[in-house]
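Peer 1: Each chain is listed here by its residues.
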Amino acid sequence: MATWDWQVFCKETTSGDVVPSCFGRGGDITYLDWILSAWGWTLSVAALALVVALTVGSLMGVLRTVPDKRLVFIGNAWTELFRNIPLLVQIFLWYHVIPSIFLVLRGVPSFVLVVIALGFFTSARISEQVKAGIESLPRGQRYAGLAVGLTLPQTYRYVLLPMAFRIVIPPLTSESMNIVKNSSVAFAVSIAELTMFAMQAGEETSRNVEMYLAVTLLYFVSAFAINRLMLGVENRVRVPGMIGGK
Amino acid sequence: MRPPGGLIMLNLDFSFLNWNIVSSFILKGLVFSVQLTLIAMIGGIVLGTLLALMRLSGKPWLVTPAAAYVNTMRSIPLVMVILWFFLLIPLLTGRPLGAELSAMITFTLFEAAYYSEIMRAGIQSVPKGQVYAGYAVGMTYPQTMQLIVLPQAFRNMLPVLMTQTIILFQDTSLVYAIGAYDLLKGFEIAGKNFNRPVETYLVAAVVYFVICFSLSMVVRRLQKRIAIIR
Numbered sequence: 001m002a003t004w005d006w007q008v009f010c011k012e013t014t015s016g017d018v019v020p021s022c023f024g025r026g027g028d029i030t031y032l033d034w035i036l037s038a039w040g041w042t043l044s045v046a047a048l049a050l051v052v053a054l055t056v057g058s059l060m061g062v063l064r065t066v067p068d069k070r071l072v073f074i075g076n077a078w079t080e081l082f083r084n085i086p087l088l089v090q091i092f093l094w095y096h097v098i099p100s101i102f103l104v105l106r107g108v109p110s111f112v113l114v115v116i117a118l119g120f121f122t123s124a125r126i127s128e129q130v131k132a133g134i135e136s137l138p139r140g141q142r143y144a145g146l147a148v149g150l151t152l153p154q155t156y157r158y159v160l161l162p163m164a165f166r167i168v169i170p171p172l173t174s175e176s177m178n179i180v181k182n183s184s185v186a187f188a189v190s191i192a193e194l195t196m197f198a199m200q201a202g203e204e205t206s207r208n209v210e211m212y213l214a215v216t217l218l219y220f221v222s223a224f225a226i227n228r229l230m231l232g233v234e235n236r237v238r239v240p241g242m243i244g245g246k
Numbered sequence: 001m002r003p004p005g006g007l008i009m010l011n012l013d014f015s016f017l018n019w020n021i022v023s024s025f026i027l028k029g030l031v032f033s034v035q036l037t038l039i040a041m042i043g044g045i046v047l048g049t050l051l052a053l054m055r056l057s058g059k060p061w062l063v064t065p066a067a068a069y070v071n072t073m074r075s076i077p078l079v080m081v082i083l084w085f086f087l088l089i090p091l092l093t094g095r096p097l098g099a100e101l102s103a104m105i106t107f108t109l110f111e112a113a114y115y116s117e118i119m120r121a122g123i124q125s126v127p128k129g130q131v132y133a134g135y136a137v138g139m140t141y142p143q144t145m146q147l148i149v150l151p152q153a154f155r156n157m158l159p160v161l162m163t164q165t166i167i168l169f170q171d172t173s174l175v176y177a178i179g180a181y182d183l184l185k186g187f188e189i190a191g192k193n194f195n196r197p198v199e200t201y202l203v204a205a206v207v208y209f210v211i212c213f214s215l216s217m218v219v220r221r222l223q224k225r226i227a228i229i230r
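Chains as they are written, first to last, in the working numbering: chain A, 1 to 246; chain B, 1 to 230.
Only chain A is shown next, with the shape it has when bound in the complex (with noise of 0.2 angstroms):
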């Protein structure tokens, strides 16, 4: 292991041959194909998750303040559900338990139910923060919404939501990162994402230490280029007037 070997990520995956222009043609991928590939796989389970993470969680944290003691529960109860138990138990749960029990799944492909599974999980912590999100908001807000004729669902639409979402941004932040790092667990259920591409490639090639490496670099890439998008927004959605604001 004294020396490096990163003319591994020319070779052809099956024959090991070094393919001059480090991608394959035809048919044939390279390492450096399949790591892309697998790099791809990541940040699609990852931004799709998101989507399903903010939109499932944004709702759920919205019901936990409502004044409906039933939409207040539900709320709760999600929240605790998908935070009490292990990613990687609910990322079974999703491919081995649930399709045998709901037979319509049965035929859904597992990067769907992956998808699913990391975002309800990331939506429980989601939910935490847009519900202290709009607590955070003095109390008057609320009544000022209404007292000025607006229905409740008004109220938080052109309100109460537009600031606590503003405030909730840099936790939000962090859970994007997360939520990347998190997509390598997808690696238990056969996802060809970044953690099974080392996990495999490194076996095939025994090229560990350069496959890990290169794998650790792209999270990092990844997290990073996040971490300045979400830098670039709060910046754009600035309240004047407020703590950090113009």
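A portion of the hints provided could be inaccurate.
What the hints assert, rightly or not - To be clear about the criterion: a stretch of chain A counts as covered by chain B if any three or more of its residues have a C-beta under 8 angstroms from a C-beta of chain B, and this derived list gives those stretches:
1) 79-85
2) 89-95
3) 195-201
4) 204-213
Quick caveat, the hints were computed from the structure, so don't treat them as lab data. Cβ coordinates follow ideal geometry from the N, Cα and C atoms, glycine included.
With chain A fixed as given, assemble chain B onto it according to the hints.
Peer 2: Relative to the frame of chain A, chain B by itself:
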């Protein structure tokens, strides 16, 4: 029970789960998961406190390495960290350690990064006057930290430290990646042996939920009590 092909099929059979199976497959895994959690918690808090003190020392030669360590650990997925250590420890020590021991080292070093962020916030939550008071009565820096600042930081952060420990307990299931025998593995093996994977995964989820939910209830009560004292 409905015939196959219907919308919902519920023919779960939990009858195979008797005490014999629990004690021979699952208890072993539970013991390891709890062991791993406790070791990583104690080791992680000790190391994490040291890292936090380094970061708050104001000396660049202590701040930089501590910050680099914490930030690196926090930006790599835990599964990759587990794989890295499983690969690197034998290379460094020259002999294989086994998945269980490797997991203990990995989790201690990984959790230290997360605990250190909590302890850093805890130390910063103690008013500066407390430190000056320590110096004023003639205490040295280690004495001030040990006798005045850290006990308060620790108490203020107790609920957060415990919440992190619940997350740590959930994360121990990721030793799946290197095949260590933990609680989840115990359920999985029992499910494979008796050809009842659906039921065992369900029970595993319930067991994890009950443990984590009750612990989080304890944390919530603790939080209220500490809030009153303050």
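Peer 1: State for each hint whether it applies.
Peer 2: Structure-based check of all given hints:
1. 79-85: This one holds; 5 residues, not fewer than the three required, reach chain B with a Cβ under 8 angstroms.
2. 89-95: holds (count 4)
3. 195-201: holds (count 3)
4. 204-213: holds (count 3)
Of the numbered hints given earlier, the model fails none.
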